[in-house]
Amino acid sequence: MTGGRDGQAARWLDAQLHLLDRQVLDVHGVPMAVVDDLELSDVPVGQRIPVDAPPPVITALLSGPVLATRIFGGRPPDSRMQRTPWTAVVEVGVVIKLAVDQDTRDVAWTERWVRDHIIGRIPGGRHIPEREPNDHPENDERGGS
Amino acid sequence: MKRILGVALGILTAIGGFLDIGDMVTNAVVGSRFGLSLAWVVVVGVIGICVFAQMSGRVAAVSGRATFELIRERLGPRAAVLNLGASFMINLMTLTAEIGGVALALQLVSSVSYLLWVPFAALAVWLVIWRVKFSVMENVAGLVGLCLIGFAVALFLLNPDWGELGRQALPGASTSTEKVSTYWFYAVALFGAAMTPYEVFFFSSGAVEEGWTTKDLTRSRANVLVGFPLGGLLSLAIAGCAAVVLLPQLISVTALSQVMLPVALAGGKMLLALIILGIVAATAGAALETTLSAGYTIAQFLGWPWGKFRPPAEAARFHLLMIICLIVGIGTLMTGVDPIQVTEISVVFSAVALPLTYLPILIVANDPEYLGEHVNGHALNGIALIYLVIILAAALAAIPLLIITGAGQ
Amino acid sequence: MIISDFLGSRVYGQDFLGFVSDVRFMLESGSVSQEAQFYGIIVSPHARSSSLGFERSGVRSPWPIAALVRWRHRGSFLVRWGDIELLDIDRIQLRPGFERGSPELR
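Residue numbers (the numbering used here), protein chains in the order written: chain A, 22 to 166; chain B, 21 to 429; chain C, 633 to 738.
Hints were generated in silico from the structure; no laboratory data involved.
Only a predicted model underlies this, so the values are computations on that prediction, with no experimental measurement involved.
Check each hint, because a few of them may be wrong.
Claimed, not checked - Have a look at the derived ranges for each label pair, beta carbon to beta carbon:
#	chain 1	residue 1	chain 2	residue 2	range
1	A	Ala30	B	Leu416	23 to 31 angstroms
2	A	Ala74	B	Ile406	33 to 41 angstroms
3	A	Arg152	C	Phe648	43 to 51 angstroms
4	B	Thr355	A	Val64	23 to 31 angstroms
5	B	Thr238	A	Pro75	51 to 59 angstroms
6	A	Phe93	C	Trp703	49 to 57 angstroms
7	B	Ile423	C	Gly707	39 to 47 angstroms
8	C	Arg712	A	Ala30	14 to 22 angstroms
What the hints assert, rightly or not - Below, computed lysine to any residue pairings styled on SDA-like, alpha-carbon distance capped at 20 angstroms:
#	chain 1	residue 1	chain 2	residue 2
9	B	Lys199	B	Pro375
10	B	Lys153	A	Glu153
11	B	Lys199	B	Val357
12	B	Lys153	B	Leu143
13	B	Lys153	A	Ile143
14	B	Lys289	B	Leu128
15	B	Lys235	A	Arg152
16	B	Lys289	B	Lys199
17	B	Lys289	B	Leu143
18	B	Lys235	A	Glu153
19	B	Lys289	B	Lys153
20	B	Lys153	A	Pro75
21	B	Lys153	A	Gln68
22	B	Lys153	A	His148
23	B	Lys153	B	Pro420
24	B	Lys153	A	Arg147
25	B	Lys153	A	Gly141
26	B	Lys289	B	Ser130
27	B	Lys153	A	Gly146
28	B	Lys153	A	Arg152
29	B	Lys199	B	Lys153
30	B	Lys153	A	Ile70
C-beta atoms are modelled at their ideal positions from N, C-alpha and C, and glycine is treated no differently.
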């Protein structure tokens, strides 16, 4: 049932196997975050579920400061996690590709902050390196593809 | 010429891996105390690193992704965090030691004190990481580091008794004065040095930096098969020189100058100058490799953009992290700690961290989701599994041996 | 609700059945432009940890590791959304007469 992406056969995605801990790339192919958790639509917690209740759906990918909680247990509160709506996802494969630019997303704020306040201020920080001799420019998706 | 330069990544990885300052001294120590009777460990280690570097190079070329990212995905964050913690500590200790090593080597050729060279060496390393193109960095550091061939030249010029050296190398040759536990301690240390985890992380990240694709699989193999055996041969040459000159006189090796003594005896000033050039390049190469590895592993684990192929502003946290590591390194060295002792300890901890590194690589290299048809064959899996057993044994024995022998006294 | 609240939860039918080792979602037409619907849970009777996917994707090498992971997750089965009666933090109750499906991803 791992059907093709042209949208014919149904396709299964397992949370741990295919989605959690996967790299997320933005529309330019630049690494943006790691999927730390998934947000699901209204799930009836603690009550009996009617027989024909519709299944919940994934509403967003969540990323956040999970390093300490992963080691010791628990999870950060929802307000500390940054959401990427499921509608922004264009491909789920070895990496998860989005249709949004990370400069518009909160989840990339630390990267922007370090860029604007530290690295961008050091001379040469914005210098674009020359291409390596072995480059195949047609599929330059390094560091994440 | 282009073909020779094409294997520079493998050469630099090997030099930074087992010809850095600590390993050079360890090899000389081993040669001066055990002769060549530990040579088999270098051979076993070189084969091991070839097996796993080949896997991680293939993974990087086919999937376009470096090893550490895949470890987090495949094994989950908890297992990866352990690996990350261990690797980062080793990287930090080693890069500190290498900056110290560059400063020590520069002190030998000038009359400027070592402590004054330390910030200068760290700044030079940073400038290369900040601005120099990856391929230029690997070509220069790798090829100039090959000046260490001077040790092999010296060995020939010393006109040793090859039969005696050969006899020492055979298993079962007894080394009179040393205890068995000390012998095995150095065996584990040499093995840990040959298979240090940051070598595979650097090699696979370097493959991504260079933009290797499925068309580069042969090139990846060439890098592995040229670089690491060459590194192994140079290690053996250093040990051999020490075995021929220092062992009979029972001269013990405690400083860099004693490592170079056989070369001075054999070839005089010219060869010595060549060696020093090689040592500076090799230690600088190791400093670059470990600093970049520290950046690569953290950035890949946390999902940050990384790589020298991006402008620093587009890999801001990656570069900031490396700057912080270099500053910590300078600070540590300024307290007067001996860089050589730091790396000798970190080699033992490398041995402990080996299983955490190599098991995930083996799992990822068998995953068709990342590698398609290029997954491991049965023969390679067989060898890799045997090595996992050896690695596990070394990891378990490392700390007890460290304690029992008091770090090889 | 967050998925990490589910993973590792205990699953009960009449008795204790196992732990949730994964949650399966379905894309009906195979494209991610659609919603990913909760399809079911994978219940592993013995192990809480991730199975590293070995027993579901059919990858068998390297064999000792694959064999070890399969053994730890032996007896794993799939339960569909329709058979879940009650969802609570760390406790999932299944309806009587629930069906055990194969966890294979085929």
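Sort out whether A:Glu153 lies within 20 angstroms of B:Lys235, counting only the CA atoms. holds (16 angstroms)
Hint consistency between B:Lys153 and A:Gly146 [alpha-carbon to alpha-carbon, up to 20 angstroms]: holds (14 angstroms)
Starting from B:Lys153, check that the Cα of A:Ile70 is at most 20 angstroms away, please. The hint is violated at about 60 angstroms.
Assuming the hint says 23 to 31 angstroms, is it satisfied by the Cβ distance from B:Thr355 to A:Val64 or not? Since the Cβ atoms of B:Thr355 and A:Val64 sit about 55 angstroms apart, the hinted range of 23 to 31 angstroms is violated.
Evaluate the given range 49 to 57 angstroms for the C-beta pair formed by A:Phe93 and C:Trp703. violated (29 angstroms)
Is the Cα-Cα distance between B:Lys153 and A:Gln68 20 angstroms or less? violated (60 angstroms)
Restraint check for B:Lys153 with B:Pro420, where alpha carbons must lie at most 20 angstroms apart: violated (43 angstroms)
Run the distance test for B:Lys289 versus B:Lys153: straight-line Cα separation, threshold 20 angstroms. Given pair B:Lys289, B:Lys153 is violated - Cα atoms ~34 angstroms apart, limit 20 angstroms.
Are the Cα atoms of B:Lys153 and B:Leu143 separated by 20 angstroms or less? Holds, at about 17 angstroms.
Would the pair B:Lys153 and A:Glu153 pass a check requiring their Cα atoms to be no farther apart than 20 angstroms? holds (8 angstroms)
For the pair supplied as a hint, B:Lys153 and A:Gly141, confirm whether the alpha-carbon distance does not exceed 20 angstroms. Holds: B:Lys153 and A:Gly141 sit about 19 angstroms apart, inside 20 angstroms.
Satisfaction of hint between A:Arg152 and B:Lys153, Cα-Cα up to 20 angstroms: The hint holds at about 9 angstroms.
In summary, the structure is inconsistent with hints 1, 2, 3, 4, 6, 9, 11, 16, 17, 19, 20, 21, 23, 29, 30 from the numbered list given earlier, while agreeing with the others.
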